[in-house]
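Based on the hints, put chain B in the right spot on chain A.
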Amino acid sequence: MGGYGFYVWGSYIVTFICIAGEIILISNRRRTLERQFSLIHDLDNKETKNETTS
Amino acid sequence: MAINWFKYSSPASFYTLAGKMIPFFVVLAIVLLIAGLYVGFFVAPTDFQQGEAYRIIFIHVPAAWMSMFLYVVMAFWAGIGLAFNTRLSSMFATAIAPTGAMFTFLALWTGALWGKPMWGTWWVWDARLTSELILLFLYIGFMSLQAAIDDPRRADKAGAILALVGVVNIPIIYFSVQWWNTLHQGASVSVNQAPAMATTMLMGMLIMVFASWMYSIAVILKRVRVIILERESHAAWVAELQKKGAI
Chain A
43 MGGYGFYVWG
53 SYIVTFICIA
63 GEIILISNRR
73 RTLERQFSLI
83 HDLDNKETKN
93 ETTS
Chain B
13 MAINWFKYSS
23 PASFYTLAGK
33 MIPFFVVLAI
43 VLLIAGLYVG
53 FFVAPTDFQQ
63 GEAYRIIFIH
73 VPAAWMSMFL
83 YVVMAFWAGI
93 GLAFNTRLSS
103 MFATAIAPTG
113 AMFTFLALWT
123 GALWGKPMWG
133 TWWVWDARLT
143 SELILLFLYI
153 GFMSLQAAID
163 DPRRADKAGA
173 ILALVGVVNI
183 PIIYFSVQWW
193 NTLHQGASVS
203 VNQAPAMATT
213 MLMGMLIMVF
223 ASWMYSIAVI
233 LKRVRVIILE
243 RESHAAWVAE
253 LQKKGAI
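Order-wise, the sequence lines are chains A and B.
One gets the working numbering by counting positions in the first sequence from 1 and adding 42 to each.
One gets the working numbering by counting positions in the second sequence from 1 and adding 12 to each.
Heads up, some of the hints might be wrong.
In silico BS3-like cross-links for lysine-lysine, where the CA-CA straight-line distance does not exceed 25 angstroms [as the list claims (entries may be wrong)]: (1) Lys88/A - Lys255/B; (2) Lys88/A - Lys256/B; (3) Lys19/B - Lys169/B; (4) Lys255/B - Lys19/B; (5) Lys256/B - Lys19/B; (6) Lys256/B - Lys32/B.
Since the hints were derived computationally from the structure, they do not count as laboratory data.
Bound conformation, chain A alone:
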């Protein structure tokens, strides 16, 4: 890079780190939400089962 490698790659590397970070953060946020939903779903099922058996 004609002696400018630090500046050019420093720009590109940080850019791709930010993009990867943003995608990972959104995916984590969605996974947390899906886990909550399945927990609620399981609890609902358990409650309906208790109602029928008791």
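Same frame as chain A, but now just chain B:
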């Protein structure tokens, strides 16, 4: 056959539509990114003055344009949400802010790494750089204000007012290089005159601009779907989707 656009203003129907659109924009973003990087690094020549350092332009300019464009789009949706009390519009504004802030940070970061070898300094209180820094503070302010208010609907309204007030900063950023005597160069690309750039350099830059546009749409749609689920978790349609395993 009249298209009922208002059908997609409901979070439930938009959630499904967005899910179908995301793959399309992801593929476009990846293809354009590869093409842009190829043109930028293998087709565009070395600059006679700046040597290879100018190749930072292929992310600096797209990031700067996206930082301004996304703020205007964010303020637009926030304004629509405030005026018409439409939940999805406000959710969209909330979904745009982090991506806009990221591009603003990248514009400042890549600008500093370009400025050091060319201007001899990482930072200077130049009108263009300072107004872009204010834009970053506006994005962070918008996100902090919304996070500080528990009720989402009140947070939307407060954020909308801040976003709308901050729109005045966008023309200031854009015209700063003309209004003030700035170290930052003037517009190389503008609507009313021929570009002051070699064609291949310009092509590489414009392809990267479109790549960042497609990326933004894909990421924002992905984030707005998560926000919709968070806010509508009590709704029957979410339970329905959960049962079908189509969340």
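Hints, verified against the model:
| no. | hint | in the structure |
| --- | --- | --- |
| 1 | Lys88/A - Lys255/B | holds (15 angstroms) |
| 2 | Lys88/A - Lys256/B | holds (18 angstroms) |
| 3 | Lys19/B - Lys169/B | holds (23 angstroms) |
| 4 | Lys255/B - Lys19/B | holds (23 angstroms) |
| 5 | Lys256/B - Lys19/B | holds (22 angstroms) |
| 6 | Lys256/B - Lys32/B | holds (17 angstroms) |
Every hint, counting from the list given before, is met by this structure.
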